[in-house]
Amino acid sequence: IMEHLGHEYCLKSHGKCIEGIIGGVDYSQNKVNQWTASIVEHTLTQLVKQGKPFKYIVNCAVMQKSGAGLHTANSCYWDTTTDGSCTVRWENRTMYCVVSVFAVAIAL
Amino acid sequence: MRVVNLACSLPPVPCVTPPAAPSRTLQWDTDPSVLQLQADSELGRRTHRLGPSKITQVDFLPREVVSYCKETQTPLAAHQSEDEEEEEEVTEQKAGPENDLQEEEESKDTKEGHPRELTEEEKQQVLHSEEFLIFFDRSIRVMERALAEDSNIFFDYSGRDLEEKEGDLQGGSSLSLNRLFYDEHWSKHRVITCLDWSPQLYHPLLCSLSLSHLSPVSTLLSSYFQYPELLVASYNNNEDAPHEPDGVALVWNMKFKKTTPEYIYHCQSPVVSVGFARFHPNLLVGGTYSGQIVLWDNRSHRRTPVQRTPLSAAAHTHPVYCVNVVGTQNANNLITVSTDGRMCSWNLDMLSQPQESMELVYNKSKPVAVTGMAFPTGDVNNYIVGSEEGTVYTASRHGSKAGICEMFEGHQGPVTGISCHSAVGPVDFSHLFVTSSFDWTVKLWSTKQNKPLYSFEDNADYVYDVMWSPVHPSLFAAVDGMGRLDLWNLNNDTEVPTASVTIEGAPALNRVRWAAGGKEVAVGDSEGRVWIYDVGELAVPHSEDWAHFGHTLMEIRANHGDGEEEGPVELAT
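Chains as they are written, first to last, in full-length UniProt numbering: chain A, 1 to 108; chain B, 1 to 573.
A hint or two may mislead.
[Claimed, not checked] Which chain B residues stay away from chain A? Per the calculated CB distances, all over 12 Å, these: (1) K54; (2) Q57; (3) E64; (4) Y182; (5) E184; (6) R299; (7) R303; (8) P414; (9) K448; (10) L453; (11) A516; (12) A547; (13) M554.
[To be verified] The calculated lysine to aspartate or glutamate pairs, modelled on EDC-like cross-linking and capped at a C-alpha distance of 20 Å, are: (14) B:K366 - B:E389; (15) B:K519 - B:E457; (16) A:K65 - B:E122; (17) B:K366 - B:E409; (18) A:K16 - A:E41; (19) B:K448 - B:E504; (20) A:K65 - B:E120; (21) A:K31 - A:D79; (22) B:K364 - B:D428; (23) B:K257 - B:D534; (24) B:K70 - B:E117; (25) B:K401 - B:E359; (26) B:K448 - B:D428; (27) A:K65 - A:E19; (28) A:K65 - B:D428; (29) B:K54 - A:D79; (30) A:K65 - B:D534; (31) B:K255 - B:D428; (32) B:K257 - B:E149; (33) A:K65 - B:D59; (34) A:K65 - B:E117.
[Unchecked claim] Residues from chain B that keep clear of chain A, each with C-beta distances beyond 12 Å, as calculated: (35) R49; (36) T56; (37) D59; (38) C69; (39) Q355.
In short, the hints are calculated from the structure, not lab data.
Note that the Cβ used here is the ideal one computed from N, Cα and C, for glycine as well.
Produce the complete structure using the sequences and hints provided.
What follows is the structure in structure tokens.
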């Protein structure tokens, strides 16, 4: 059940998604909102295409590299056998990007 | 902020039916857990096991910002440069520049224009990288020389050169002290045992040899010359410092005013003779008290010898006072003679055994205790040796008369120095040589006669060394144990030296060597100091000096007295 949220899948697919949207560009304040929106959209559509009975929560954070530090943490209280999450970190020369996906199984 | 409308829809999923199904009656219990349980059991669902998931953490560490408590502001607008000065720290540009000019420049620059400042790690990496270390090593040598110079190192020789030079030459015909070479650590309490100037050689390769062959010429350079400003001095052991190496050789540089040696070499046994290896510009040959010949190389960073001869009966087991490289670029040998009369010939590439060796024996009796050796100019086969008994011998390396040939008697004490006439000019005087000895005299000889031509008796102490000028036909220098450096110009006067100076402190002077150009004389004393004296006009030869010297010789012969001369003894050349 949890295979499609398996680690490699997570990294590959979400990583590719991010790469596709903000791959070779530098941080730009007027475009960053578009970016976060598209990342979330694309990630979600891809997940939904799987057709699995899950509720998804996608979170995307883009931070400019300015020397500041960023620290986040998350945890969930759910059914550990059926639910799962995946966090992908990505960066280029000028920004960091973190995408977290949570999938909660829907009871049948 | 845009509100995202997710256009996509979730696939139809059977909904959780509200608990109004006819098959089930809701028991409104106050306890929600009971409700849960009932619902579960009724629907046949397996129990949800809810538990906390692992905490997912994301960390992006902040970049370390290097901050300085002191700031300096350069007056000119300057970009923050990434290059570092060797001894300075990088200073940060002030945020609020005072200068108007600077403000303008800053406003013009976009952020992308500034070069990126290296992080601390990157700087450390650069400092330790190979290229930087090589550059640094070379640069500090240059800086040391520049710092020691008190003259203008940017001097332009195109214009004002002549004025300066003339001033120096006005110093006159007497000797004037130029430099003193002395190192606190390495020279102190050591006696100078030998000096050698780096030879000045020009070697245009005989290109005709290669043209007739189609194969490439295996031997090298069309010309090379060694650096005539380098002087090597070898030192005896330091009795006050038994832990220091016994044998030391220092290479000093005349050209720059820095007071430290250019190269420092040492070995385990006191070095009693040293010389630059002609034809091998990077090698220094040393003969030691133990009989070992050592080779130092200035290409390696080692201060100890790169090659050594074995201490065996096949080589030398007695002090080697004479080392000499003779021959030509392509065919040269190192000739060494030790005080037990053993002469060995070596190939500098292989010091593990001598190419040939022989005992120098006169008339088949006991071997000669050799204290000095000299090769006449241009001769690679015949040479002259002086012995502890005061006799001088000529010898040959090869041929039917290999070994000692003739004996020259005259000195009453051990011979300390021999020098063959070397100034090349219209008349050939290469048969002449001078010797110095403990008997307070310097004697002039010709290889054609086994009695001295003349004896110079102006000294009042052991005469430790003598050397012909390499450029002036009638000039030679001698040093004695009272600190006197004498220059004899035979065209001028044969009774007294033409110029004389007593070294400061009157130490015993052990060695004298003319520089290759014949303008300076290096003197080594018993305190470990090397004195460089400039010889002024006196050292400059004129073309008539040769003819004049010929006359002088004739006069000397005539005055010497008829009865004392024996018939000239011919020698195989």
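Non-interface claim for L453 (chain B): all C-beta distances to chain A beyond 12 Å?
-> L453 (chain B) clear of chain A: closest Cβ-Cβ about 88 Å, beyond 12 Å.
Non-interface claim for K54 (chain B) versus chain A (Cβ beyond 12 Å) | Violated: least Cβ distance 7 Å, not greater than 12 Å.
Per the stated criterion, does the least C-beta distance between Q57 (chain B) and chain A lie above 12 Å, as a non-interface residue requires?
-> violated (4 Å)
Restraint check for K255 (chain B) with D428 (chain B), where alpha carbons must lie at most 20 Å apart = It is violated: about 33 Å lies between the C-alpha atoms, which goes past 20 Å.
Would you check whether the claim that A547 (chain B) is not at the interface survives, using Cβ distances to chain A and the 12 Å cut-off?
-> A547 (chain B) clear of chain A: closest Cβ-Cβ about 84 Å, beyond 12 Å.
Confirm or reject the statement that M554 (chain B) sits farther than 12 Å, beta carbon to beta carbon, from all of chain A.
-> Holds, since 92 Å exceeds 12 Å.
Does A516 (chain B) really sit off the interface, with its C-beta more than 12 Å from all C-beta atoms of chain A?
-> Fine: 62 Å to the nearest Cβ keeps A516 (chain B) off the interface.
For the pair supplied as a hint, K401 (chain B) and E359 (chain B), confirm whether the alpha-carbon distance does not exceed 20 Å.
-> Distance ~13 Å between K401 (chain B) and E359 (chain B) Cα, so the pair holds.
Is K16 (chain A) within 20 Å of E41 (chain A), Cα to Cα?
-> Satisfied, since the Cα-Cα distance of roughly 14 Å is no more than 20 Å.
Measure nothing beyond the straight line between the CA atoms of K257 (chain B) and E149 (chain B); if it is 20 Å or shorter, mark the hint as holding.
-> Roughly 5 Å between the alpha carbons, so the hint for K257 (chain B) and E149 (chain B) holds.
Test the statement that P414 (chain B) is away from the interface with chain A: the closest C-beta pair must be farther apart than 12 Å.
-> The assertion about P414 (chain B) holds, with a minimum of 81 Å to chain A.
Keeping to a limit of 20 Å between CA atoms, is the pair of K519 (chain B) and E457 (chain B) held or broken?
-> violated (25 Å)
Consistency with the previously given hints fails for numbers 1, 2, 3, 15, 19, 21, 22, 28, 30, 31, 35, 36, 37, ordered from lowest to highest.
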